[in-house]
Structure formats: C-alpha cells, structure tokens
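According to the numbering used here, the sequence shown is numbered sequentially starting from 1196.
Please note that a few of the clues may not be correct.
Within a straight-line C-alpha distance of at most 25 Å, the following computed DSS-like cross-link-like pairs (lysine-lysine) qualify [as the list claims (entries may be wrong)]:
#1 Lys1200 <-> Lys1318
#2 Lys1217 <-> Lys1200
#3 Lys1281 <-> Lys1197
#4 Lys1197 <-> Lys1217
#5 Lys1200 <-> Lys1281
#6 Lys1296 <-> Lys1281
#7 Lys1197 <-> Lys1318
#8 Lys1280 <-> Lys1296
#9 Lys1318 <-> Lys1217
#10 Lys1318 <-> Lys1296
No lab work stands behind these hints, which were simulated from the structure alone.
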Amino acid sequence: MKVLKVWVDADACPRSVMHFLKTNRAELGYDLVTISTTNHLLDVENHITVDPGPQAVDLAIANRVQQGDIVVTQDWGLAAVVLGKKARAIAPSGLVYTTEKIPFMLEQRNLLARYRRGGGRTKGPAARTGADDERFRWAFLRLLRTSR
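Let the hints inform the model, and build the full structure from the sequences given.
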C-alpha cells in the first residue's frame, strides 16, 4: 500500500502548522515533503529547495503531486491544480478546498486583483490565533481519515 504523502508550500506556511505536521507524521503515518525557495531555509527532513521566482514553489509541487496526496497551501491557483490531479488540498486556516468551491474562489481572486489594479485597497488577513491552529488540526485529521 502506498504511503500517503503530504506536500507543504513552506514559503507561506505558519510555523505552528509546520510544527504540527512535523511532530505528528510518524504517529499519523504519512510522508511529509516541504518545498520552499532559497529565501526560506528550513531544517526539515525531505525538504526541497527551489530557486526564487514567480510561482516556483507552486510549480514544483504541481509537478510532483500525485493522486491521493494532500497539499497544504494558501494559494488558490495551486489548490485548483492539485484538485485537478485528484489530490486533496487544505489551507493553513483549515479550509479544505473542493471542486465545488474553487471556481468561486478563483473568480473572487480575479475580481479583487482587478479592484487593486484600479487603485482599490483590500484588507489583509487577520493575525493567526490558537483557534486557527486548532481549526487546521481538526480539518487536517478529518482530511487524512477520508484520504485513506
């Protein structure tokens, strides 16, 4: 039986999420692979470093992910590619990306980008809290159970 692989877009992954994924991989039975640019050096087993560039980490993950894998990313575009490859995707916030949600999310992203290009300002994300960490843990465990 193939061991489940969890890929992490480590350039934008909160430390608390990385810590949870690293410390629980043996107990929960998955291989953890992190990918980041040379701008973010991590001390993790199975770490892949790519040259900095637009979407470099996203492309590295998209080229390696396989059906049944799980990807942890905040990037909605990467999540769409991952879902297209019949893998699963989850955000550090605990949001599990689905084929039903992703078209709306990508449309929203495009509308907000157009608004910003026109001079509009949008609010950034709120500061991360312990509740966010707990939401990720529960969502990840649920996703892990349904991925086997």
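Status of the hints after comparison with the structure:
{"no.": "1", "hint": "Lys1200 <-> Lys1318", "in the structure": "34 Å, violated"}
{"no.": "2", "hint": "Lys1217 <-> Lys1200", "in the structure": "13 Å, holds"}
{"no.": "3", "hint": "Lys1281 <-> Lys1197", "in the structure": "15 Å, holds"}
{"no.": "4", "hint": "Lys1197 <-> Lys1217", "in the structure": "20 Å, holds"}
{"no.": "5", "hint": "Lys1200 <-> Lys1281", "in the structure": "13 Å, holds"}
{"no.": "6", "hint": "Lys1296 <-> Lys1281", "in the structure": "15 Å, holds"}
{"no.": "7", "hint": "Lys1197 <-> Lys1318", "in the structure": "42 Å, violated"}
{"no.": "8", "hint": "Lys1280 <-> Lys1296", "in the structure": "16 Å, holds"}
{"no.": "9", "hint": "Lys1318 <-> Lys1217", "in the structure": "31 Å, violated"}
{"no.": "10", "hint": "Lys1318 <-> Lys1296", "in the structure": "21 Å, holds"}
Of the numbered hints given earlier, the model fails hints 1, 7, 9; all others are met.
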